[in-house]
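Those protein sequences? They're chains A and B, same order as listed. Using our numbering, the first residue of the first sequence is number 489, and each one after it goes up by one. Using our numbering, the first residue of the second sequence is number 639, and each one after it goes up by one.
Simulated from the structure, these hints should not be mistaken for laboratory data. All values reported here derive from a predicted model rather than from experimental measurement. Every residue gets a Cβ at the ideal spot worked out from N, C-alpha and C, and that includes glycine. Do not take every clue at face value.
[Stated by the list, open to error] Here's a subset of chain A near chain B, in silico, CB distances under 8 Å, partners left out:
| no. | residue |
| --- | --- |
| 1 | TRP499 |
| 2 | TRP511 |
| 3 | GLY529 |
| 4 | LEU539 |
| 5 | VAL541 |
| 6 | PRO624 |
| 7 | ASP627 |
| 8 | LEU631 |
| 9 | TYR648 |
[Claimed, not checked] Here are the simulated distance ranges between beta carbons:
| no. | chain 1 | residue 1 | chain 2 | residue 2 | range |
| --- | --- | --- | --- | --- | --- |
| 10 | B | VAL747 | A | GLY540 | 47 to 57 Å |
| 11 | A | ASN578 | B | ALA797 | 40 to 50 Å |
| 12 | A | ASP507 | B | ARG731 | 48 to 58 Å |
| 13 | B | ARG694 | A | SER491 | 29 to 39 Å |
| 14 | A | SER504 | B | ALA794 | 36 to 46 Å |
| 15 | A | SER491 | B | ARG701 | 16 to 26 Å |
| 16 | B | ALA797 | A | VAL566 | 37 to 47 Å |
| 17 | B | ALA641 | A | VAL562 | 45 to 55 Å |
| 18 | B | ASP761 | A | ASN578 | 43 to 53 Å |
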Amino acid sequence: MDSALAYWLRWPSIESFLDTYSWAWPLAEVVHFVGLILLFGAVGTYDLRLLGVGKGLPLSLLKRALPWGVVGFVLCAVSGFVFVGGMVSNVGTHPYVVLKTNFWLQLKLLFIALAGLNVLAFYASGTGRLVEALGPNDDVPALGRFMGLASLLLWLGVIYFGRLIPWEL
Amino acid sequence: MEALSWLENTDAVTWIRESTSLLGYTLYLSLHTLGLVFLLGPVVVIGLRMAGLAPRLPVAPLRSFFPLMVGGFVVNVVSGLVLFATAPVGFVRNITFLVKIGCVLLAVVVLRRFVRLVFEGPDAPDEAIETPRARTLFAVSAMFWTLGIAAGRLTAYSAYVISQTVVALLVALVVALLAAVFIRSVLARRSVREQRAPLAVPLKGE
């Protein structure tokens, strides 16, 4: 299991691509930032409306922004995969070692997983359907507000921990 | 230059630069990203609304996000000044950094004009946002934000890598634009078909 994960995490094809094309890593960084702005723009604004900021915005219309948050997430996941799979090319450390030793990377992945569970709970509990039936000026029930706050704090945590990762390599 | 190198070597700045504590350099680095997403988050939603991707979303209530945006901007000015102070001599000689600062200043000025036109003008925000002038201001601001963020990411690299990445970015932008045009044309065709449908189901919340 251990060695399978170590084998899977390191991608020689990505490493040689990064070694050949010096623009690939910085391009992935720019994509990662554009992605996180899209993600936080769509999801964070929705979360803040759950918390009562931006009354007058009906959640049934604001939800149209959410697929673009997913697009942002995909941009971050793809560029993040380049960072992990090609890590040896940039810092010379095996990504498996980094995954096992870098506390901030571990926390970031944990927070992403929790944010994902929060989304699942939001829709599986019917809260998503409930808040989208509300009028533009209505207050969101406590459970919806809690989930909005959780999402907001989890994604801000993901950004914060992500920023700390390179300083422990 | 002398003042800058004095600043770089003050005790406080030296501590921030060299400290491995969470209150040192990395705090200002992360604040700079957290401020950015608060500033640009609502801008993303405005952009989606203008592109027709979040249709009929009322524009005026977005005003409630302005204090958070201003807060994000202030956080970024302060954290940016601290980050600058950790290596001011290097930064003022770094052309990519100067390009970044120029782009961000222009992006803020144009965004401010956009906000004044749409939210503080004589017309209702829902109408003002559809005007060609509002569209132009928004597009120009978004372009400068993108350039500023890209330049900010590239500040740490060598001139060779930067020139390579700028070309790669331009190619990526052209690809993204072509994809956007393609998706728009597909969506437009689909909405024509929807309009022809005999029974329109009203959307929830209307």
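Status of the hints after comparison with the structure:
1. Of the supplied interface hints, the one on TRP499/A is violated, with its beta-carbon coming no nearer than about 20 Å to a beta-carbon of chain B, more than 8 Å.
2. With a cut of 8 Å, the hint placing TRP511/A at the interface with chain B holds, because the nearest CB-to-CB distance is about 4 Å.
3. Evaluation of the GLY529/A hint against chain B yields a held restraint, the C-beta minimum of about 3 Å falling below 8 Å.
4. Of the supplied interface hints, the one on LEU539/A is violated, with its beta-carbon coming no nearer than about 11 Å to a beta-carbon of chain B, more than 8 Å.
5. Given the 8 Å rule on beta carbons, the hint for VAL541/A holds: about 5 Å separates it from the nearest Cβ of chain B.
6. For the restraint placing PRO624/A at the interface with chain B, the shortest Cβ-Cβ distance is roughly 7 Å, inside the 8 Å limit, so the hint holds.
7. Contact between ASP627/A and chain B, as hinted, is not supported at the beta carbon level, the nearest pair being about 14 Å apart and thus beyond 8 Å.
8. Below 8 Å, beta-carbon pairs count as interface contacts, and LEU631/A has none with chain B, the closest being about 19 Å; its hint is therefore violated.
9. Interface restraint check for TYR648/A: the shortest CB-CB distance to chain B comes to about 5 Å, inside 8 Å, so the restraint holds.
10. About 31 Å separates the C-beta atoms of VAL747/B and GLY540/A, a value inconsistent with the hinted range of 47 to 57 Å.
11. Between ASN578/A and ALA797/B the C-beta distance comes to about 19 Å, which lies outside the given range of 40 to 50 Å.
12. Between ASP507/A and ARG731/B the CB atoms are about 29 Å apart, so this pair departs from the stated range of 48 to 58 Å.
13. Taking the beta carbon of each, ARG694/B and SER491/A are about 54 Å apart, not inside 29 to 39 Å as hinted.
14. Here the CB-CB span from SER504/A to ALA794/B is close to 23 Å, at odds with the stated 36 to 46 Å.
15. As the Cβ distance of SER491/A to ARG701/B is approximately 56 Å, the hint placing it in 16 to 26 Å is violated.
16. Range check, ALA797/B to VAL566/A: Cβ separation about 27 Å, and the 37 to 47 Å hint is violated.
17. Checked against the given bound of 45 to 55 Å, the beta carbons of ALA641/B and VAL562/A, roughly 46 Å apart, stay inside it.
18. Roughly 51 Å separates the CB atoms of ASP761/B and ASN578/A, a value that falls within the hinted 43 to 53 Å.
Consistency with the previously given hints fails for numbers 1, 4, 7, 8, 10, 11, 12, 13, 14, 15, 16, ordered from lowest to highest.
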